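Number of protein chains: 2
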Amino acid sequence: MTRDWIALDWTTTRRRLWVMRGRDVLDETVDDGPRPADPAATLALVAGRHQGQGVPVVACGPLGPVRAPIPCTPLAGGLWRIDLGDPRIAFHAVAGLRQELPADMMQGDETRIAGFLALNPGWDGVICLTGETSRWVHVSAGEVVSFRSFLSGALVSALGAGTMLGRWLATPELDRATFSEAVADGLSRPEQVLARLWSAHAAATLDGLPPEMARARILGTLIGAELAATRPFWLGQQLAVMGEGVMPRLHVDALAAQGAPAIEADAPRMTREGLIAAWTALAA
Amino acid sequence: MTRDWIALDWTTTRRRLWVMRGRDVLDETVDDGPRPADPAATLALVAGRHQGQGVPVVACGPLGPVRAPIPCTPLAGGLWRIDLGDPRIAFHAVAGLRQELPADMMQGDETRIAGFLALNPGWDGVICLTGETSRWVHVSAGEVVSFRSFLSGALVSALGAGTMLGRWLATPELDRATFSEAVADGLSRPEQVLARLWSAHAAATLDGLPPEMARARILGTLIGAELAATRPFWLGQQLAVMGEGVMPRLHVDALAAQGAPAIEADAPRMTREGLIAAWTALAA
Chain A
1 MTRDWIALDW TTTRRRLWVM RGRDVLDETV DDGPRPADPA ATLALVAGRH QGQGVPVVAC
61 GPLGPVRAPI PCTPLAGGLW RIDLGDPRIA FHAVAGLRQE LPADMMQGDE TRIAGFLALN
121 PGWDGVICLT GETSRWVHVS AGEVVSFRSF LSGALVSALG AGTMLGRWLA TPELDRATFS
181 EAVADGLSRP EQVLARLWSA HAAATLDGLP PEMARARILG TLIGAELAAT RPFWLGQQLA
241 VMGEGVMPRL HVDALAAQGA PAIEADAPRM TREGLIAAWT ALAA
Chain B
1 MTRDWIALDW TTTRRRLWVM RGRDVLDETV DDGPRPADPA ATLALVAGRH QGQGVPVVAC
61 GPLGPVRAPI PCTPLAGGLW RIDLGDPRIA FHAVAGLRQE LPADMMQGDE TRIAGFLALN
121 PGWDGVICLT GETSRWVHVS AGEVVSFRSF LSGALVSALG AGTMLGRWLA TPELDRATFS
181 EAVADGLSRP EQVLARLWSA HAAATLDGLP PEMARARILG TLIGAELAAT RPFWLGQQLA
241 VMGEGVMPRL HVDALAAQGA PAIEADAPRM TREGLIAAWT ALAA
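Residue numbers (the numbering used here), protein chains in the order written: chain A, 1 to 284; chain B, 1 to 284.
No lab work stands behind these hints: they were computed from the structure.
All values reported here derive from a predicted model rather than from experimental measurement.
Possibly wrong hints are sitting among the right ones.
Okay, the calculated bits of chain A under chain B, using three or more residues with CB under 8 Å as the criterion [as the list claims (entries may be wrong)]:
| hint | segment |
| --- | --- |
| 1 | 71–80 |
| 2 | 142–154 |
| 3 | 162–174 |
| 4 | 189–198 |
| 5 | 225–234 |
To give an idea of the chain A side of the interface with chain B (calculated C-beta under 7 Å), a few residues [what the hints assert, rightly or not]:
| hint | residue |
| --- | --- |
| 6 | Thr133 |
| 7 | Ala158 |
| 8 | Leu159 |
| 9 | Ala203 |
| 10 | Asp207 |
| 11 | Gly208 |
| 12 | Val246 |
Label pairs and their computed distance ranges (CB to CB) [what the hints assert, rightly or not]:
| hint | chain 1 | residue 1 | chain 2 | residue 2 | range |
| --- | --- | --- | --- | --- | --- |
| 13 | A | Val145 | B | Asp124 | 47 to 57 Å |
| 14 | B | Asp27 | A | Arg176 | 34 to 44 Å |
| 15 | A | Pro261 | B | Pro210 | 57 to 67 Å |
| 16 | B | Arg249 | A | Ala118 | 47 to 57 Å |
| 17 | B | Pro102 | A | Glu28 | 39 to 49 Å |
| 18 | A | Arg81 | B | Thr29 | 38 to 48 Å |
| 19 | A | Cys72 | B | Arg167 | 50 to 60 Å |
| 20 | B | Glu244 | A | Pro102 | 27 to 37 Å |
| 21 | B | Pro210 | A | Pro36 | 46 to 56 Å |
| 22 | B | Gly85 | A | Val246 | 53 to 63 Å |
| 23 | A | Cys72 | B | Pro102 | 25 to 35 Å |
| 24 | B | Arg3 | A | Gly245 | 57 to 67 Å |
Every residue gets a Cβ at the ideal spot worked out from N, C-alpha and C, and that includes glycine.
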């Protein structure tokens, strides 16, 4: 458990790599930007860069078809070997989880949950993981019991890149009061979400609604609609939120306004802890 | 009213140009693709191409800030002159309409509505216009009384271009039975729309749901959610739907399944009729 290895968090929008010695981080690099067109070649490159040291790689993310059926512990699917076309590269991916009804899957979040549980043993409740999807995961007795994924994150990115809402979503500021109002509105009238998205644009164009308010309306409406759909998950539960960027904090704020306090966990840290747990099992 | 002029339908994704003599079409050209980065230069080019004939242009679409407050007749804002930097070019744009509460606007659809009413004088009811937005417009006694816009069309395009749903939305086929089920589901549980969008992807990835069913689920869920939000518009009303591509037919089918029959109108024809009405007023 003390020899060197690589921990790799592989998401659609970001690759985070840690050079590890046992549990200790020797180095960390982050590669932002869209997922490479040829993941296998990029993985081989990443792994190959460390071949001088001959170190194995343990990765999580959308890397293959293996998924364990829930309910199960987050790492129940184990690690599986990916053939990168170079027999010297020992590349291992954490198997994702799958749910039968409603059909759902995760690849990457199971590792973050494992990390969270490693640091918070015995914790029961619901974990909200933001990213491309917002994923609400019910955890009990160390197992993933059920989960539900929402396209919120990918939708915000797509709206920003490909619609007239891009102007407002590019604003770095966000008006907190407007956000709270929009969350409440999204929660009480979730069926109006597509109208409210347009209306934010119309109000900014017609009435001079400031960009930081337009952005707050768009994000608040979407998160409010998400909270309307996930009420059975967050009502009366112990809650944790993790993710990167602004979304986790907005989810925590929106939940707090509904009288549902949530703790915010450091997503990269949890990912790393989960990869350490997977690596420990492999090395044992 | 018998001299030549140019009728131009200017949308974000398509430019449709008719060379007219009075009410008669001499020629028609369609330019697909995204809106040019420099609209003024493109407009000047379009108009300049016909300067040998010295003909004026009457256009509709998102061309400027002028919008008449409703309730009013669709062409109440009149025509206004756009300066393209060349005094020989007589370029006129139909003024759009604006609504105070909820803040909303249209630029282009007012012309289609005018065309529809020119061909169907005395028609009262609700017109659903699909496109970048889905716009539901209550028309009574020749006036636009109220309207509500939904980001449905732009959202489908953005999801297709920028998310994992693109694979399924690119499928030309669409399974009708799955579409009807998804509409019913979107109507009864509109708050689940972001979860249903992801779930269609998960079912296609995990359970081998065929692409034509995944596409049907995505579009059906979105249109169902739109119908849930617009129930006050379509319930018990005389209905017309117009637009281009697959969306108008899907809206008609979805409404029919709710016991709300709608007629489908030819959108380019209505646009041209509306531009003729605007031109007639100018030439009078």
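Hints versus structure:
Here the segment 71–80 of chain A counts 0 residues with a CB under 8 Å from a CB of chain B, which misses the bar of 3, and the coverage is violated. With 6 residues having a Cβ less than 8 Å from any Cβ of chain B, the segment 142–154 of chain A passes the three-residue criterion, so the hint holds. Under a criterion of three residues with beta carbons nearer than 8 Å to beta carbons of chain B, the stated coverage of the segment 162–174 of chain A is upheld, 4 such residues being counted. Check on the segment 189–198 of chain A: 8 of its residues sit with their Cβ under 8 Å from a Cβ of chain B, so the three-residue criterion for coverage holds.
With 4 residues carrying a beta carbon less than 8 Å from a beta carbon of chain B, the segment 225–234 of chain A meets the three-residue requirement, and the given coverage holds. About 6 Å separates the beta-carbon of A:Thr133 from the nearest beta-carbon of chain B, less than 7 Å, and the hint is met. At a threshold of 7 Å, the smallest CB-CB gap from A:Ala158 to chain B is about 4 Å, leaving the interface hint in force. A cut of 7 Å between beta carbons decides the hint on A:Leu159: the least distance to chain B is about 6 Å, and the hint holds.
Because the smallest distance between the Cβ of A:Ala203 and any Cβ of chain B comes to about 4 Å, under 7 Å, the interface hint for this residue holds. Taking 7 Å as the C-beta contact cut-off toward chain B, the hint placing A:Asp207 at the interface holds, the least distance being around 6 Å. Annotation: A:Gly208 was flagged as interfacial toward chain B, and the flag is violated, the nearest CB pair being 11 Å apart, outside 7 Å. Nearest Cβ of chain B to the Cβ of A:Val246: about 18 Å, over the 7 Å cut. The hint is violated.
The hinted window of 47 to 57 Å between A:Val145 and B:Asp124 holds, with their beta carbons roughly 54 Å apart. Between B:Asp27 and A:Arg176 the beta carbons are some 56 Å apart, a value that contradicts the proposed interval 34 to 44 Å. Under the hint 57 to 67 Å, the C-beta atoms of A:Pro261 and B:Pro210, about 44 Å apart, miss the expected range. Between B:Arg249 and A:Ala118 the Cβ separation comes to about 53 Å, which falls inside the hinted range of 47 to 57 Å.
A hinted range of 39 to 49 Å for the beta carbons of B:Pro102 and A:Glu28 is consistent with their spacing of about 47 Å. Restraint check, A:Arg81 to B:Thr29: a C-beta distance of roughly 58 Å breaks the suggested window 38 to 48 Å. With their beta carbons about 28 Å apart, A:Cys72 and B:Arg167 fall outside the hinted range of 50 to 60 Å. Evaluation of the 27 to 37 Å hint for B:Glu244 and A:Pro102 yields a pass: the beta carbon distance comes to about 34 Å.
Taking 46 to 56 Å as the suggested C-beta distance range, the pair B:Pro210 and A:Pro36 does not conform, at roughly 28 Å. Separation of B:Gly85 from A:Val246 is about 42 Å and departs from the stated range, judged on CB atoms against 53 to 63 Å. Restraint check, A:Cys72 to B:Pro102: a C-beta distance of roughly 47 Å breaks the suggested window 25 to 35 Å. For the hinted restraint 57 to 67 Å between B:Arg3 and A:Gly245, the CB-CB distance of approximately 59 Å keeps it satisfied.
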